[in-house]
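J.: Sequence:
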Amino acid sequence: MGSNTLGKAATLDELLNTCIEMFDDKGNPGSSHLPRTFLLMHRWYLPSTELAGKLLSTYPFTKDADGENCNEFRLKICYFMRYWILEFPAEFNLDLGLIRLTEEFQEVASQLGYDNHIHLIDISSIPSYDWMRRVTQRKKISKKGKACLLFDHLEPIELAEHLTFLEHKSFRRISFTDYQSYVIHGCLENNPTLERSIALFNGISKWVQLMVLSKPTPQQRAEVITKFINVAQKLLHLQNFNTLMAVVGGLSHSSISRLKETHSHLSSEVTKDWNEMTELVSSNGNYCNYRKAFADCVGFKIPILGVHLKDLIAVHVIFPDWIDENKVNIVKMQQLSITLSELVSLQTASHHLEPNLDLINLLTVSIE
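Okay, so the sequence shown: first residue is 1 according to the UniProt record's numbering, each after it adds one.
Mixed in with the good hints there might be a few duds.
In silico PhoX-like pairs for lysine-lysine, Cα to Cα no more than 20 angstroms straight-line [what the hints assert, rightly or not]:
1) Lys301 - Lys234
2) Lys260 - Lys227
3) Lys206 - Lys227
4) Lys260 - Lys234
5) Lys310 - Lys234
6) Lys310 - Lys292
7) Lys215 - Lys227
8) Lys272 - Lys260
9) Lys215 - Lys260
10) Lys54 - Lys169
11) Lys227 - Lys272
12) Lys310 - Lys54
13) Lys234 - Lys169
14) Lys327 - Lys8
Note that these hints are calculated values from the structure, not bench results.
Between the sequences and the hints, there should be enough to build the whole structure, so can you do that?
T.: This is how it looks when you write it as structure tokens:
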């Protein structure tokens, strides 16, 4: 049984029970994506504490068709809970209400004599996710002199790696609820984590412009542009598309594109590379070139966040959340989950960058 059986709409209880029933006697949910999709997307419809509360209230009173206690279904509830913990551990470290309910769940299992169930829903070994907590806004400091010095003395690969470290650090902090808030409200109010990520993108673009325009002669400005094109190529190699977009966007700003004499000092090879990078992140065909390149990448990669936010907004605008008032629009849930699942999974990807933290700090204040 899966989403096909449920059709295009179902109540939350129907979705929950269907997901629970998918687990076999060994705790395997089978090949269906529905349990993970529902656990990823449930916060679109109700808080995690409310979902856990539904499980907790059902667990002790489960009966079979003859009115007897149904131990099999109780076990499946615990398998579902364990799956939730394994797939989305951060929720069980950051949500105090969810932590308390999980502990209460264990107490109920103990009172009923199901010691094996207690082990299944144990969250004591979950690592800390404190780094995902809300960030404060930095105080802006003028560091133009140091910014120029930093740019002049770092090789393109060093700049690309340190920018990628900063980008990933910002990207991995964005939570499901941050995405949800932006898609629903269409603004960054009360969303400092996503606001910081967008500010980093804009800061990099402005920094690129500043570095080019700070040079007094066309030849020197052309040298800076050439270096940034090299940085962009390194970013592409690192599969960091978001910063690549920021760099190309900065170089494409009207304040630089109108510098005809500066452009005349660029080599034909640099101009060709620049055009290729611009075409890669172009919005033509709904960013078709970027989407193909991004889909072909494996391993660590950073998406152009703005493109995927637009995808989420498009789905949200087209489809209603609910059908017949109390039924979840399963089509919308699945469409949103395609994008959100990828964003969430990319946040946990590991990299092999070894940044110089002093350079990171200097680069941070230079960009901001």
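J.: Next step is simple, just say for each hint if it's right about the structure.
T.: Status of the hints after comparison with the structure:
Restraint check for Lys301 and Lys234: satisfied, since their Cα atoms lie roughly 13 angstroms apart, inside the 20 angstroms limit. Distance restraint check for Lys260 and Lys227: the Cα-Cα separation of roughly 18 angstroms lies within the 20 angstroms cut-off, and the hinted pair is therefore satisfied. A hinted pair counts as satisfied when its Cα atoms are at most 20 angstroms apart, and Lys206 with Lys227 qualifies at roughly 16 angstroms. Taken as a hint, the Lys260 and Lys234 pair is broken in the structure, with Cα atoms around 26 angstroms apart against an allowance of 20 angstroms.
Taking the CA atoms of Lys310 and Lys234, the gap is near 26 angstroms; set against the 20 angstroms cutoff, the hint is violated. For a cut-off of 20 angstroms, the pair hint linking Lys310 to Lys292 stands: about 17 angstroms separates their Cα positions. Note on Lys215 and Lys227: the hinted pairing holds, with a Cα-Cα distance of about 13 angstroms set against a maximum of 20 angstroms. Taken as a hint, the Lys272 and Lys260 pair is honoured in the structure, with Cα atoms around 16 angstroms apart against an allowance of 20 angstroms.
As the CA atoms of Lys215 and Lys260 are separated by approximately 15 angstroms, the hinted pair is consistent with the 20 angstroms bound. Note on Lys54 and Lys169: the hinted pairing is violated, with a Cα-Cα distance of about 35 angstroms set against a maximum of 20 angstroms. Proximity of Lys227 to Lys272 is assessed by CA-CA distance (about 14 angstroms); at most 20 angstroms being required, the pair is judged to hold. Distance check on the hinted pair: Lys310 and Lys54 sit about 33 angstroms apart at the alpha-carbon level, beyond 20 angstroms; violated.
Distance hint between Lys234 and Lys169 is fulfilled; the C-alpha atoms sit about 18 angstroms from each other, no more than 20 angstroms. A hinted pair counts as satisfied when its Cα atoms are at most 20 angstroms apart, and Lys327 with Lys8 qualifies at roughly 9 angstroms.
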